[in-house]
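Peer 1: Construct the entire structure; sequences and hints are all you get.
Given next are the chains, with one letter for each unit.
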Amino acid sequence: MTTLLEVVQLRKHFPIKGGLLNRQTATVRAVDGVSFTVEQGETLGVVGESGCGKSTTARLTMHLLTPDEGTIVFDGKTVGSSQMPLRTLRRQMQMVFQDSFASLNPRLTIEESIAFGPRVHGVPGKEARERARDLLAKVGLNPAQFIRRYPHELSGGQRQRVNIARALALQPRLLILDESVSALDKSVQAQVLNLLSDLKAEFGLTYLFISHDLHVVKYMSDRVMVMYLGKVAEVGPVQAIYNKPLHPYTSGLLSAMPSLDPDQRTAAPPLVGDPPNPINPPSGCRFRTRCPYAEGVCAEVEPKLSAIGADRLAACHMVNPDSGHTKAGMALDVPVLPSLMKKTEATA
Amino acid sequence: MSAVPISTVPASPDPAGDPLVQVRDLTVRFTNSDATIHAVNGVSFDLHRGEVLGILGESGSGKSVTLKTLMRLLPERKSKLGGSMRVAGQDVIAMNASQLTAYRGKIVSMIFQEPMLAFDPVFTIGQQIGEAVIKHEGVSRVEARKRALQMLERVQIPSAARRLDAYPHELSGGMRQRAMIALALACKPQLLLADEPTTALDATVQIQILLLLRELQKEFGMAVIFVTHDVGAAVEVSDRIAVMYAGRFIETGDIRALIRQPRHPYSQGLLAANVLPGSAREGRVEAIPGSPPNLAAVPPGCAFAPRCKYVEERCRGAYPVATTVAASHTVHCILSEAGAQSAV
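Chains as they are written, first to last, in the numbering used here: chain Z, 1 to 348; chain A, 1 to 344.
Certain hints may be false.
The following residues of chain A were derived to be distant from chain Z, with all beta-carbon distances above 12 Å [to be verified]:
| hint | residue |
| --- | --- |
| 1 | Arg24 |
| 2 | Arg29 |
| 3 | Asp34 |
| 4 | Leu74 |
| 5 | Met95 |
| 6 | Ser98 |
| 7 | Gln99 |
| 8 | Glu143 |
| 9 | Ala161 |
| 10 | Arg162 |
| 11 | Leu164 |
| 12 | Asp202 |
| 13 | Leu210 |
| 14 | Leu270 |
| 15 | Gly278 |
| 16 | Val285 |
Cβ pair distances, simulated, as ranges [stated by the list, open to error]:
| hint | chain 1 | residue 1 | chain 2 | residue 2 | range |
| --- | --- | --- | --- | --- | --- |
| 17 | A | Ser328 | Z | Thr289 | 40 to 50 Å |
| 18 | Z | Asn280 | A | Ala200 | 41 to 51 Å |
| 19 | Z | Ser81 | A | Arg162 | 23 to 33 Å |
| 20 | Z | His121 | A | Arg162 | 32 to 42 Å |
| 21 | A | Asn32 | Z | Ser81 | 54 to 64 Å |
None of these hints come from the bench; they were simulated from the model. These numbers come from a predicted model, not from an experiment. We treat Cβ as the ideally placed atom computed from N, Cα and C, and that holds for glycine.
Peer 2: Written as structure tokens, this is what we have:
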């Protein structure tokens, strides 16, 4: 496999202004040193709670936001260099957002919206319109019926199909799907997930799939990256992450999924409290305030994202035998950290 | 307006006597100059004291409207109610303004998806909980404040005494949801209506709130109607589930029966969409084609017929009657009618 996208030490802080003279009073550390790679043809799932920086990471990768620090390498070429100017990047990397209505121009017909990108990139009008019709058929909307319609005449599921067609109109290689199915009803969501799998196979696409829904991420992804408060907690193959999470946050997040078996209801919440505010993240390990295994070293030293075996990375002192944590190495030995294991109870 | 088919869910036997909630043939229509929206089309059910009913449905299925009707929160002029609703022996539809004031908060309370909108931003949490207690129980201000503190402690808000004087915007999302539960339960209502209370929350906070609700339900012995689109959330809290589609309860049953052996093709599809296969390589999601119906023009007969893979001609004629497939498990589908079981 070849690496299609490589993100190195991405950082984005948002200033908060206020008070007298509108000076900067605080900083939201939205993305704080995030590195990952996406291989050609794979789906990398990104999970995390609100405020963990997953959407900011997507926007930085797409260069909709300019990173404060860090480099993005697409197809071996540094983004922003003469080999990969933004215009070239945008042709190869496209994005589908959560809000299907806000991401379409209300004054353009569906056909015009889909043909707009190719037109900007120099495709003749007639050809661009033909491409729009082909793509509409590919995403399961009858072109004859839909090309003249406006976004408000479509249902949410149909609009999201149009957004997918619009993203594919430039024949990109990488698609960033930022909570693209989250706003859809479950029955419609299932249709769109099937569509995304089909399109991926047909066009040989690579996906960066962002969602807060752990079921959906498990279904779609080859590898999963777990984020917490602007940092990467853990990366690994989907089966490994779901069966044997290494980071306590991953364990907690997985155990927090509601049970689907009425006889095995969750007995106790695995994690307590809310995720902290990214304005003043905790020192050291950012998860330590909610971690049942937190010790002194966790407050003092920030754990590095270190390799575990061939294909996994985790940022926790417990996976590093030399960290000085009393349970160093423990996370490697047990399938799920005991105090974060899902506790179930039979219902009366 | 066409006649609405009758759907009756038989009451489960309850030794404790009359059910707390009795809804018969409830219909809700919203009218404006352009169209009439048929939001609820003949919902009937009983709910006993201490029972938890989960209403599962997608957006536009009428689940939230059903709840708001039970609380009489719909705008009077634009909505038309039909059928009957009795809660704790009182006719809810016939209540006047002063009766409603006594009813809301005391007999029935409601919690919402977005607590920021449920609280008044200019009063503290303590003032708002206290106000409810003073209104309903006529206690002193000091007594009310004490009660508010107790409630905040009961919903496990850390440093509750300090939070009493906090304004809603000063609390985090999970904390605000806890405060709203404290407000709703301050006067020990007999029925709690929960309208997607955990949908807007993060995964690790959601499970905390679900378990808190389950614990408080047992402790207070109250009945709960829990509306959600998330099968997992419904499983965690409910005794019984009703699946709603186009303003009707198309299938009602005990939680185990309904999750393990859904009978209506829509329930089957909805569960398949929630319980995804392990990965995309192992199998496709069983997706229901099409999208939910337009409530301005609900088709006659079964509203799911246009999306159903088992559809027959008679599905489009009349809405199927309730078929009891097992004790306290009923379904409105011709496939479950006598002699047709093998098809599903």
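Peer 1: Take the hints in turn and mark each one as holding or not.
Peer 2: Hint check results:
Against chain Z, the non-interface label of Arg24 (chain A) holds: every CB pair exceeds 12 Å, the least being about 28 Å. Against the 12 Å criterion, Arg29 (chain A) stays outside the reach of chain Z, whose nearest CB is about 22 Å from its own CB. Separation of Asp34 (chain A) from chain Z is adequate, the least Cβ-Cβ distance of about 14 Å exceeding the 12 Å criterion. Every CB of chain Z is more than 12 Å from the CB of Leu74 (chain A) (nearest about 23 Å), matching its label as outside the interface.
The non-interface label for Met95 (chain A) is consistent with chain Z: the shortest C-beta to C-beta separation is roughly 34 Å, beyond 12 Å. With a minimum CB-CB distance of about 40 Å to chain Z, Ser98 (chain A) clears the 12 Å threshold, and the non-interface call stands. No Cβ of chain Z comes within 12 Å of the Cβ of Gln99 (chain A); the nearest lies about 36 Å off, and the non-interface call holds. Listed as outside the interface, Glu143 (chain A) is consistent with that label: its C-beta sits roughly 31 Å from the nearest C-beta of chain Z, beyond the 12 Å cut-off.
Distance check on Ala161 (chain A): its Cβ is at least 18 Å (rounded) from any Cβ of chain Z, clearing the 12 Å threshold; non-interface status holds. Every CB of chain Z is more than 12 Å from the CB of Arg162 (chain A) (nearest about 16 Å), matching its label as outside the interface. Separation of Leu164 (chain A) from chain Z is adequate, the least Cβ-Cβ distance of about 19 Å exceeding the 12 Å criterion. Remark: the non-interface label on Asp202 (chain A) conflicts with the geometry, its nearest Cβ contact in chain Z lying 4 Å away (cut-off 12 Å).
For Leu210 (chain A), the shortest C-beta to C-beta distance to chain Z comes to about 7 Å, within the 12 Å cut-off, and the non-interface label is violated. Not every CB of chain Z is more than 12 Å from the CB of Leu270 (chain A) (nearest about 6 Å), against its label as outside the interface. In this structure Gly278 (chain A) is not separated from chain Z by more than 12 Å, as the shortest Cβ-Cβ distance comes to only about 7 Å. Against chain Z, the non-interface label of Val285 (chain A) is violated: not every CB pair exceeds 12 Å, the least being about 4 Å.
Against the hinted window of 40 to 50 Å, the Cβ-Cβ separation of Ser328 (chain A) and Thr289 (chain Z) comes to about 45 Å, which satisfies the hint. Between Asn280 (chain Z) and Ala200 (chain A) the C-beta distance comes to about 23 Å, which lies outside the given range of 41 to 51 Å. In this structure the hint that Ser81 (chain Z) and Arg162 (chain A) lie 23 to 33 Å apart at CB is violated, the actual value being about 53 Å. The hinted range of 32 to 42 Å is not satisfied by His121 (chain Z) and Arg162 (chain A), whose Cβ atoms lie roughly 57 Å apart.
Separation of Asn32 (chain A) from Ser81 (chain Z) is about 57 Å and conforms to the stated range, judged on CB atoms against 54 to 64 Å.
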